[in-house]
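Asks: From just these sequences and the hints, can you work out the full model?
2 protein chains.
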Amino acid sequence: MSRHLKIASAQLGPLHLSDTRSSATKRLVNLLREAHGMGAKFVVFPELAFTTFFPRYWYDSQTEADSKFYEASIPSAETQPLFDEAKKLGIGFYIGYAELTQEEGRTHRFNTAILVGPDGTLVGKYRKIHLPGHAEHKPQAAFQHLEKKYFEVGNLGFRVWRFMDTITGMLICNDRRWPEAFRVLALQGAEIVALGFNTPSENLHYPEPPALRVHHHLIMAQSMAFQNATWLVETAKCGFEDGNRMFGHSVIVAPTGEIAAQSLTEEDEVICVNADIDLAANLKRTMFDFAAHRRPEHYQLIVERVGAEVTPAKGP
Amino acid sequence: MSRHLKIASAQLGPLHLSDTRSSATKRLVNLLREAHGMGAKFVVFPELAFTTFFPRYWYDSQTEADSKFYEASIPSAETQPLFDEAKKLGIGFYIGYAELTQEEGRTHRFNTAILVGPDGTLVGKYRKIHLPGHAEHKPQAAFQHLEKKYFEVGNLGFRVWRFMDTITGMLICNDRRWPEAFRVLALQGAEIVALGFNTPSENLHYPEPPALRVHHHLIMAQSMAFQNATWLVETAKCGFEDGNRMFGHSVIVAPTGEIAAQSLTEEDEVICVNADIDLAANLKRTMFDFAAHRRPEHYQLIVERVGAEVTPAKGP
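Quick note, the sequences are listed as chains A and B, same order. Each residue of the first sequence is one higher than the last, beginning at 6 in this note's numbering. Each residue of the second sequence is one higher than the last, beginning at 6 in this note's numbering.
No lab work stands behind these hints, which were simulated from the structure alone. Just so you know, not all the hints are guaranteed correct.
Pairs involving identical chains hold if they fit within one copy or between any two copies, as the list cannot separate such chains.
Computed list of lysine-lysine pairs in BS3-like fashion (alpha-carbon distance at most 25 Å, straight line) [claimed, not checked]:
id: 1; residue 1: 153; residue 2: 143
id: 2; residue 1: 73; residue 2: 153
id: 3; residue 1: 319; residue 2: 92
id: 4; residue 1: 153; residue 2: 289
id: 5; residue 1: 11; residue 2: 31
id: 6; residue 1: 143; residue 2: 289
id: 7; residue 1: 130; residue 2: 319
id: 8; residue 1: 143; residue 2: 73
id: 9; residue 1: 154; residue 2: 289
id: 10; residue 1: 31; residue 2: 92
id: 11; residue 1: 154; residue 2: 130
id: 12; residue 1: 93; residue 2: 11
id: 13; residue 1: 92; residue 2: 130
Replies: Here's what the structure looks like:
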């Protein structure tokens, strides 16, 4: 008997600098209710879902940034209504936020996502490992991408959890560009990968057609889902945040590498799929039977080398 | 000043059991001349390019298979005309063949590809690492996929070579489904990855729409080229070989993840692109600056574990 789970991707339109956590939470609750109306049992919200995508702004004062954008506790008084409503409706969810925490005697800041069970329990936490962008101010650029300034590299690894009768892993945004991240989850038996993102429509570093950036997003989502034989749910925060455009194209991708559902706006929008969690069973016992086909003895460079080094062979 | 190289993918239509090496070589020479007429300097031919895709057949006698399908020397008297013509035209090429060799006192068989310089020198050799299919006879199946019977796992690793003012790596067929293979090449500075393939239109193991199999091929090709910021040339042998259909869709993919050229038949066909080898320079200094963004300390499972093991985290 195959297992099915109704999974929704709940995309957020723009959150501006002036928007409050309460107004964001109200919209998240509305999206949750809409997903519930579609029968969803698991809802994936975006990365950094309670505020505008603040790494685009330089703040001289980290204290100011801390007070504006980070969560010192989750839930907080302002975000509590989302957790209450999810528990009331019996819906599990993934959500991303900027985490401010005291650990081992000092302050840490992470780009974090959590997995919350339908009974309201905290099932899992992931802290983003592949931080994109830069740490230094680029005053000449149209906008910044300061994730390397505002966050530490995540210290919890790539993990999966038993979640709603599935094995579910979490990633965040830029992780979706790194095959290593998906592979580490797949090697632990991931059946679903949940991922929220904020992706500018324009390339900060050099001119690039916005449509090409969406193309990258879509080919990677399909290929990573297929090559790892997992369901993949990628949810955007998108639209014009104070004039800064980010693309939507939230997707739910099957382990067949097919887009099962895709958002069509850059606004608050829910898409939902009745996912057959066992759809990848044939794939996992044949083409992607890792035990039969993988050859780690030839993969050593993946962990031995960080950057690319031009090292051609000396002979044939 | 950017470097350009005119690269061709020279796709082969079917080779039947009754076809000789000489007739195959004649067709390869014709494809080479056509590529030359398009200005190509580097031509990528298919996997196992001199015979029918024989792993679909069970032979009780390996001696019989050896005599029918393997090359004890490359070039041989029959295949020499291809090497002569390439040298005459000043074209470098990749070609795949079944290698029969005596090494360390015993007989070895590999699914092999070589890179030959425009001056006729042997630049590099690759022996296929990801052998798909099975080793045992499946008499109930419509056809076999006996690469695990007919070949040993390649023992030369994933390597790159200085080749025609580029850094070029080689893979073969099923390697294209394994992100690890591309990544090991990219970490050595690969700018071009050449790959030949033979891929049945039907799934041996379970029913699957043939179009879905082509979809997998195309999403992986685009995603692997982009995520590793390399040019990728994938060349099919295709069409009905003695009634067994294999798909075409040979592609030349840019490091932007865009298909720059694609074959449109399941017959002998050449496609050619004037490839800007430096097209990935921006990508490599920003989004895919491996040194800045990769986190191998979190990738250990890729080399520590072969098969997938369901190992959820114990707590949040």
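Asks: With reference to the structure, classify each hint as holding or not holding.
Replies: Here is what the structure says about each hint:
no., hint, verdict
1, 153 / 143, "within (13 Å within a copy, 54 Å between copies)"
2, 73 / 153, "within (18 Å within a copy, 59 Å between copies)"
3, 319 / 92, "between (62 Å within a copy, 22 Å between copies)"
4, 153 / 289, "between (37 Å within a copy, 18 Å between copies)"
5, 11 / 31, "within (23 Å within a copy, 56 Å between copies)"
6, 143 / 289, "between (46 Å within a copy, 19 Å between copies)"
7, 130 / 319, "between (46 Å within a copy, 12 Å between copies)"
8, 143 / 73, "within (21 Å within a copy, 64 Å between copies)"
9, 154 / 289, "between (40 Å within a copy, 21 Å between copies)"
10, 31 / 92, "within (16 Å within a copy, 71 Å between copies)"
11, 154 / 130, "within (21 Å within a copy, 45 Å between copies)"
12, 93 / 11, "within (17 Å within a copy, 62 Å between copies)"
13, 92 / 130, "within (18 Å within a copy, 59 Å between copies)"
The structure agrees with every numbered hint stated previously.
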